[in-house]
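In order, the protein sequence lines correspond to chains B and C. Counting from 1, one number per residue, gives the positions in the first sequence under our numbering. Counting from 1001, one number per residue, gives the positions in the second sequence under our numbering.
Any given hint might turn out to be false.
Cut-off 25 Å, straight-line C-alpha distance, at most; resulting in silico cross-link-like pairs (DSS-like, lysine-lysine) [said to hold, decoys possible]: (1) K74(B) - K1024(C); (2) K1024(C) - K130(B); (3) K130(B) - K1018(C); (4) K1085(C) - K1247(C); (5) K1238(C) - K1257(C); (6) K1308(C) - K1257(C); (7) K1043(C) - K1247(C); (8) K1024(C) - K1054(C); (9) K1078(C) - K1257(C).
Derived CB-CB ranges, DEER-like [stated by the list, open to error]: (10) A1310(C) - N2(B): 26 to 34 Å; (11) G83(B) - D1251(C): 41 to 49 Å; (12) G115(B) - M1010(C): 36 to 44 Å.
Simulated coverage check for chain B against chain C, where a stretch passes if three residues somewhere in it have a Cβ under 8 Å from a Cβ of chain C [to be verified]: (13) 23 to 31; (14) 78 to 85; (15) 104 to 116.
In short, the hints are calculated from the structure, not lab data. By construction, the Cβ of each residue, glycine as well, lies at the ideal position given by its N, Cα and C atoms.
Spelled out from the first residue to the last, the chains are:
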Amino acid sequence: MNRPIRVLIAKPGLDGHDRGAKVIARALRDAGMEVIYTGLRQTPEQIVAAAVQEDVDVVGMSLLSGAHNYLFPKVVELLREQGVNDVLILGGGIIPEEDIPGLKEAGIDEIFTPGTPISKMIEFIKNNLKR
Amino acid sequence: MLMKWDGDLMPYSQLIEKMLAGDKRACARLISAVENDPDAAEKIMRQIHPYTGKAHIVGITGPPGAGKSTLTDKIVKKLIKEGKKVGVIAVDPTSPYSGGSILGDRIRMQDLALSPEVFIRSMGTRGHLGGLSKHTRNALKVLDAAGYDYIIIETVGVGQSEVDIVKVADTVVMVMVPGLGDDIQSIKAGIMEIGDIFAINKSDLFGADRTALEVNMMLDLNPDTDRRPPVVKVVAVKNEGIDDLIKEIKDHLSYLKESGKLEERRKNNIKEDLVELIEEELRKIVLTRTEDKNRLDDEVIEIYNKNKNAYEVRDDLMRRLSW
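Just chain B, with the same shape it has in the complex (with noise of 0.2 Å):
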């Protein structure tokens, strides 16, 4: 692929704490990847309105505040409803081993969790993209 690839890393729900998307997005950054940040506390409307006007290759979602089991499943179905199903999702932040399962099933397709080394995350993203 001779384009950089697109992400967008959106902060869903209240959730005032984007130091971690700030290191995720720079570390894409530095990887030759087009960052798109878009801020803090984000409905997941919001979130999918920004993936498809910037037409984006993911969706990378930090949430440290608990609600990630209604959040994130709500912004798959919006881009599904969209007809949006080329973008790879990934999901990040305090989540709990036991709701990983259950949100890759509704369509997340990984979830990073504290201790994750950046690289990994990087790799994944390149051999997993869908378009």
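Please build the complex by placing chain C on the supplied structure of chain B, with the hints as guidance.
Positioned in the frame of chain B, the structure of chain C alone reads:
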């Protein structure tokens, strides 16, 4: 020429039809295509050309942190209240090392994401200097064809000489803030010359009056008496002065139309575009017809060793082209 769409392949013409009918996803896909693939760009531009030229193209430029994104957000909000459709292209710099970028202008425009009348697209400069990306011009043509009444192009944070915006916009709003230097800065050549309107943002801060005064003094020295760019004081975060600014933007378009300068300006831009296309094509022809791929490298060695000079090599290569 086909493009991937929901796993299937769809011809560009079909995608263009969707875009013309107001489909934002089709619009986004077309912008990606013109950004990533020169052949696709050519095919798309050939088809959409008849639909372009209707939008008022407004450039917002100024130094990093001046408040360009926030100001854009406020301007767009007012325009959609008037029932207008607005497209936004926000450009941020691409890393010269990794090729990656952080495109963060949407942060200031969060409420706009859901407006049906608004389309926002972020672009990295991808190595292009001058304050825009090489593909900004084509991307804005897609938005123009899609029927947006206004297209706002927010440049990267500029220094002193990134003046590309003047080649694509009808109206350039130069955003200034207090505290960036003395009055010598305002008489220097470069970005201070391209503003059709000067917006002094953060004008609730100390020094704003002085900045406005310095810009005004600089403008009074302009020999062109036809139109003197207005200076508008605004506080974007507090939504102050935005009505005045929008009035000036509209007045500028009326002025351009009445004076015939809109046509002149757009024709100049078309000419530059055309010359650029021809240059690219010539470059391709010359380089592909330079039969041996190592030929150029060999000539470089000759020039380095002082056996030849660059001009005679050029003439020699040009002579070998059969037209």
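Verification of the supplied hints:
1. K74(B) - K1024(C): Measuring from Cα to Cα gives roughly 21 Å; hence the hint holds.
2. K1024(C) - K130(B): holds, 20 Å
3. K130(B) - K1018(C): Judged against 25 Å, a Cα distance of about 23 Å means the pair holds.
4. K1085(C) - K1247(C): Distance of about 17 Å is within 25 Å: holds.
5. K1238(C) - K1257(C): violated, 32 Å
6. K1308(C) - K1257(C): Given pair K1308(C), K1257(C) is violated - Cα atoms ~53 Å apart, limit 25 Å.
7. K1043(C) - K1247(C): Violated: K1043(C) and K1247(C) sit about 38 Å apart, past 25 Å.
8. K1024(C) - K1054(C): Since the Cα atoms of K1024(C) and K1054(C) sit roughly 18 Å apart, the hinted pair holds (cutoff 25 Å).
9. K1078(C) - K1257(C): Satisfied, since the Cα-Cα distance of roughly 23 Å is no more than 25 Å.
10. A1310(C) - N2(B): 26 to 34 Å: holds, 30 Å
11. G83(B) - D1251(C): 41 to 49 Å: About 42 Å separates the Cβ atoms of G83(B) and D1251(C), which means 41 to 49 Å holds.
12. G115(B) - M1010(C): 36 to 44 Å: holds, 42 Å
13. 23 to 31: holds (count 6)
14. 78 to 85: holds (count 4)
15. 104 to 116: violated (count 0)
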